[in-house]
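Visitor: The listed protein sequences correspond, in order, to chains Y and B. At position 69 of the first sequence (counting the first as 1) the number is 69 in the numbering used here, and the numbers step up by one without a gap. At position 40 of the second sequence (counting the first as 1) the number is 40 in the numbering used here, and the numbers step up by one without a gap.
Treat the hints with caution; some may be incorrect.
To be verified - Label-pair restraints from in silico Cβ distances:
no.: 1; chain 1: B; residue 1: ASP17; chain 2: Y; residue 2: ARG112; range: 29 to 35 angstroms
no.: 2; chain 1: B; residue 1: ARG61; chain 2: Y; residue 2: SER18; range: 26 to 32 angstroms
no.: 3; chain 1: B; residue 1: GLU39; chain 2: Y; residue 2: PRO8; range: 34 to 40 angstroms
no.: 4; chain 1: B; residue 1: GLN96; chain 2: Y; residue 2: ARG112; range: 27 to 33 angstroms
no.: 5; chain 1: B; residue 1: LYS42; chain 2: Y; residue 2: GLU87; range: 39 to 45 angstroms
no.: 6; chain 1: Y; residue 1: SER18; chain 2: B; residue 2: THR10; range: 44 to 50 angstroms
no.: 7; chain 1: B; residue 1: ALA78; chain 2: Y; residue 2: SER54; range: 33 to 39 angstroms
no.: 8; chain 1: B; residue 1: ASN67; chain 2: Y; residue 2: SER18; range: 27 to 33 angstroms
no.: 9; chain 1: Y; residue 1: GLU87; chain 2: B; residue 2: GLY16; range: 26 to 32 angstroms
Hints listed in this document are in silico derivations from the structure and should not be mistaken for laboratory results. For each residue, glycine too, the CB sits at the ideal point set by N, CA and C.
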Amino acid sequence: GAVVSQHPSWVICKSGTSVKIECRSLDFQATTMFWYRQFPKQSLMLMATSNEGSKATYEQGVEKDKFLINHASLTLSTLTVTSAHPEDSSFYICSARLAVGTDTQYFGPGTRLTVL
Amino acid sequence: GESVGLHLPTLSVQEGDNSIINCAYSNSASDYFIWYKQESGKGPQFIIDIRSNMDKRQGQRVTVLLNKTVKHLSLQIAATQPGDSAVYFCAEGFNQAGTALIFGKGTTLSVSS
Chain Y
1 GAVVSQHPSW VICKSGTSVK IECRSLDFQA TTMFWYRQFP KQSLMLMATS NEGSKATYEQ
61 GVEKDKFLIN HASLTLSTLT VTSAHPEDSS FYICSARLAV GTDTQYFGPG TRLTVL
Chain B
1 GESVGLHLPT LSVQEGDNSI INCAYSNSAS DYFIWYKQES GKGPQFIIDI RSNMDKRQGQ
61 RVTVLLNKTV KHLSLQIAAT QPGDSAVYFC AEGFNQAGTA LIFGKGTTLS VSS
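Just need the whole structure built from these sequences, with the hints factored in.
Guide: Below you can see the structure in the form of structure tokens.
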């Protein structure tokens, strides 16, 4: 099956710093990738839709200047949390959809961000 | 916005029993539904999906039922095993490239030996 990886798997940073999270589709090309955020014991909340070669589409309430998304190739999307604060601490998960064919979305293993 | 929800936040079963996890969705326009399993600290794992032109689909030990009349989705797990313990999410989407999935609230399944 299709494999999606994320790096890093966990990160701890100081308040005010920026953190970059990578999402890669390892064995397929993904025209579209999605970024979700999940707080403890809650469901996944869609943050943004990342399209290769164009600007991301953000969900209502998600600050595009704080959560920078870049989808420079068909296998890589990055999420940068800028000027992170403790309330940004969460589990960030990306997913990718095959460029053609199935509707199935394949999820990465997630990145645990802790902001001190 | 509209969302997909689950009836019960937790479900406890004995090993070997059949488990049924339910989900109600609100967007009648959704035409694609998926069940995911999420273990602690991991990303969601695809279990089974179903399109709106079907009402039942079977996989290995799992069956998904879709009732469009009442906008209800269920996941049946046969002979539940301790390894099935996890949080289960239903998600809805559209049969259209580039569209995201909307997740329900999740049901925590606990399987005791």
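Visitor: All the hints need checking, so say for each whether the structure fits it.
Guide: Tested hints:
For the pair B/ASP17 and Y/ARG112, the beta carbons lie near 33 angstroms from each other, so the given range of 29 to 35 angstroms is met. For the pair B/ARG61 and Y/SER18, the beta carbons lie near 44 angstroms from each other, so the given range of 26 to 32 angstroms is not met. B/GLU39 and Y/PRO8 have their C-beta atoms about 19 angstroms apart, which leaves the hinted 34 to 40 angstroms range violated. Roughly 32 angstroms separates the CB atoms of B/GLN96 and Y/ARG112, a value that falls within the hinted 27 to 33 angstroms.
For the hinted restraint 39 to 45 angstroms between B/LYS42 and Y/GLU87, the CB-CB distance of approximately 23 angstroms leaves it violated. At roughly 38 angstroms, the beta carbons of Y/SER18 and B/THR10 sit outside the given window of 44 to 50 angstroms. Checking the proposed 33 to 39 angstroms range against B/ALA78 and Y/SER54 shows it is violated: the Cβ atoms sit about 44 angstroms from each other. Distance hint for B/ASN67 and Y/SER18: a CB-CB separation of about 47 angstroms, inconsistent with the stated range 27 to 33 angstroms.
For Y/GLU87 and B/GLY16, the hinted distance range of 26 to 32 angstroms is not satisfied, since their beta carbons lie about 44 angstroms from each other.
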